[in-house]
Each structure stands twice: as C-alpha cells, then as structure tokens.
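Please put together the full structure from these sequences, using the hints given.
Here the protein sequences come in this chain order: A and B.
Be aware that the first sequence starts at 1, since it is given in this note's numbering, and climbs by one per residue.
Be aware that the second sequence starts at 1001, since it is given in this note's numbering, and climbs by one per residue.
Think of the hints as simulated: they come from the structure by calculation, not from any bench.
Worth double-checking, as some hints may not be accurate.
Here chain A is said to cover these stretches of chain B; the calculated rule only asks that three of the stretch's residues, wherever they fall, bring their Cβ under 8 Å from a Cβ of chain A [stated by the list, open to error]: (1) 1011-1018; (2) 1029-1041.
With the Cβ distance kept under 8 Å, some of the chain A side facing chain B (calculated, not the full set) [what the hints assert, rightly or not]: (3) Asn42; (4) Arg43; (5) Pro44; (6) Trp302; (7) Arg304; (8) Trp305; (9) Thr306; (10) Phe307; (11) Trp320; (12) Ile322.
All C-beta atoms, glycine included, are put in the ideal place defined by N, C-alpha and C.
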Amino acid sequence: MSFLLTEPFRLLLSILCIVAFVGGNAAYLVLAERKGAGRFQNRPGPNEAGFGGWLQPIADVGKLISKQLMVPPEADQLLFRLAPLVVLTPAMMCLAVIPFGDTVVARNINVGLLMVFSFGSINVMAILLSGWASRNKFAIMSAARVVSQNVAYEIPMLLVVITLLMATGTMDLSEIVRQQAGGFWHWNFCRVWINPLMPVTFVIFFICMLAETNRAPFDMAEAESELVAGAFTEYGSMGFGVFFMAEYANIVLGCSLATVLFFGGWQTGLGAVPAAWGGWGVLVGLGFFMAKLYALIFTVIWVRWTFPRTQFYILLNLSWKILIPVSLFTLLLSSAMIKLLPR
Amino acid sequence: MKASLLAVPRGFLSLLTGMRVTLTQFFKPTVTVQYPWQTLKMPARFRGHIELIVDPENGRYRCIACKLCERACPSACIVVDGAKLEGEKKKSVTHYELDFTKCSLCGECIEACPSDAIRFSKAYNLASTNRNEYDYDLMKTPGPEEKRP
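Structure below.
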C-alpha cells in the first residue's frame, strides 16, 4: 500500500477530486439555482424528474450529451472548439490551491492568491474567444461587453485584495487561514482594528466576484432579453453545457476564495482550532469550510433572484465612480493604520 | 456633494431591503397547483356545458321534454325529444343533444327551464382534435365531478 502515499498518486487523486467536485457542483448547483429560484417566486422548482427533482441534473446532462455538437460553417473552426476548454480549465486549476481543510489542498504554493487571480482572468478571454469565433453579432456584442466589464471590475477587486494582503502579509492561502484562528472576531471580515472598513472590502469583493463570474445582476454577457444568449448563442450540446459548468465552477472558486480570505476558511469561528485534533479535526474543518462556502453560494443565488439586470452604463458607473474610489480609500486607510498604529 | 455621497450607503441599504423581501418569500409556502395531478375545485358560478339533473327521489331525469330550452337557445344548439311513458301524465326526456361547438354558455336554456332540470356542469377538460366529439348526448355524458376522457 506504499504507493498510496507517493506523490504521483496524490496528484492523480487531487485531480480526480477537483474534477468530480467541479462536475458535481456544476450539476447540482444548477438544480439548487432552479429550486432556489422557484422558492423565491413561491413555486417548487423542478420536481418531476425522480425523487422530487433530484435526478433533473442527470436528465439535463444526458440530454446535452446526446445532442449533436454543431460548429457553424462561418465560425472560426479552431477557436470555436477551443473556447469551452479555455473557459473551464482555469477555474479547475485555481481550485488546486484552495485549502479546503488544514491538509486538504491539492498543491499549497506560497503565491496561491496570485495564481488564482492570474488564472481567474482567463475566464474573460474564453468568453471573448467564443464571442469572436461564433461570427454572430450578438456574440460579438457580448464579447465586447464582457471585456469592458471585466476590465472595470478587476481593478476594485485587486485593490481590495491588496488591502487584505497588507493585513495578512502573505499570499499563501493556507497561511491566511491559519492567521484567522481563534474565534470569528479574528476573521478578516471582522478585523476592524486593522481597517474599520473591512466589511466594506468584503462587500466590494463580493460585488466584483459577481461581476467577474458574469452573474446576475451583472450578466451582461448573456443578457438573454437583448442578446439571445450572448457569446453562447451559437453553442449547442455539451459545448453550451461546458460554459454552464464553467460559470458554476467560477462561482465555487469565487466563494471559496471569499471564504478563505474573509471568513476564516476551515476555522470554526468559535475559538477551537480543528486542525489540532488530528484526522477528525481536518474533517470538521472541511465541514465548516463547506458550510461557509455553500452559505455564500446561496447568497449568490439569492442576489440573482432579487435584483434585475442592470443597464450597461450603470454597471460601469458603479465600478468607476463608486467601487474604485471606495476601494482606493480603504487601501489608503489600511496602509495608514498599519503604518501608524502599534501592532 | 453631500447627496451624492449619501446615495451610496442609501443605495446599499435599499439593496439589503430588497434581499430581505425575497428571503421572506423564500420561506413562504409554494402556491403552485401541480396541474395534471392536482386540480382546483371549480368556482360555484363556473359555466361548463349544460347537463341534465337527476331527481334524487326517483333516480330519473327531471326534464319533461317541454322543449322550452330548445326554443330559448339563441344558437339553436339544443335538440330535445320526449315521449309519454306507460301510465304517466307527463312526458319524459328520451333524447337530449347539445352541439357544444355553437353553445356560447349564455344560460338562456337554464333560465327558460320550468322544472329546473338543467344546470351548468363543472367540466373543463374538453380539448379534442375532432369536431364531432362536441356533439354531446347529455343522457350519456358523465356526471359533473368526473372528467370527460
């Protein structure tokens, strides 16, 4: 059994777990989204396909897979096929550095946060590719929107993360979680003695995360009332399914990152450190991580079914006129407080 | 200046208000009627096609085949026939036909009936691909609670 402990096996297991996690989440978050949408509108949501709707994702996936994958003859043959791969891969790669538990992390690197943000931006390029390659006016408009939207929202997001990095002093995600040990008042969300605007930075992070993942109310890329399905108009079959998977993978990634950066990752928030209890402690920590993760994902769904889609210039105004000045202010404030106040 | 600065926190609070509203809806019971499996009871004044009323005392139709409904019908979609049975003074109905393609559910026939022998049914699942299926023989159509096939 010694091969179970070797590095290649661990690598294989990690990849398998991440792919299964992304696939399972994509399938069942779609169901959660539809059921949630139903509940928000006082209706039950999908409830016919097996055990009160629990087999709905399997039926959906079966339907998508069994359809023919069409490439429009006028489309760019290579880029059109490449785009679904480019959209899903970075999200999966970023999950490799997320510490789900004390030792439950595929690859802990000391610039994990940097890696997440560098790969996270590729998502935009994939939608740009799909929009460009489709040779469809709606897809092109959608691609243009996605790029300007993501340029606008990357800036406040990174400013907020820089504010956070000043407080933590490291880009190692596991280390960031360990710093938040011992009670929820040690979570970065509540560390108001470093920066009294910490909750505001979280709100900015969350808004930017919604915008980066193209979620409602910022889903200008899809905007089905104006652009059919935007960049995904020409995609059918599992090509479309992969874009959907990528959307949910990005939500999982964004919410995991928010959990790690602001809500203490796998820390319990009650003072006890589960990692100190050995193997079971890691599992308890994993449970706390998942609880926080899915609470945030619920909030994402909740926001989607509360707010209507914004207009495009309002979206850009929000970023350039409000989020960027406020995040710059929090950056200045926290740098001043870290410099002037005794630690 | 002050107003535009205040607009940001005010706007954010209004977003929270919106989220509170949707969350309260989230925990309310669903109102969907799962139609093929569940049906709503039709309201008392719902007008389906007319049907003949059976007298509970003797188990026979109340209709006396006076043909007043036939004459009252503005669309001429009712055809009634009756006959005197052995040892009875009144006629009783032997044939009652309704052409539902013409019926506008005006209720003149019910108003005209002297013996309260017809009423609106509650049947509404009446879709068909064949026009002839709307020639109802009311002495054969199922009762009000049953659905027509």
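* Tell me, in ascending order, the numbers of any earlier hints that this structure violates. => 7, 11
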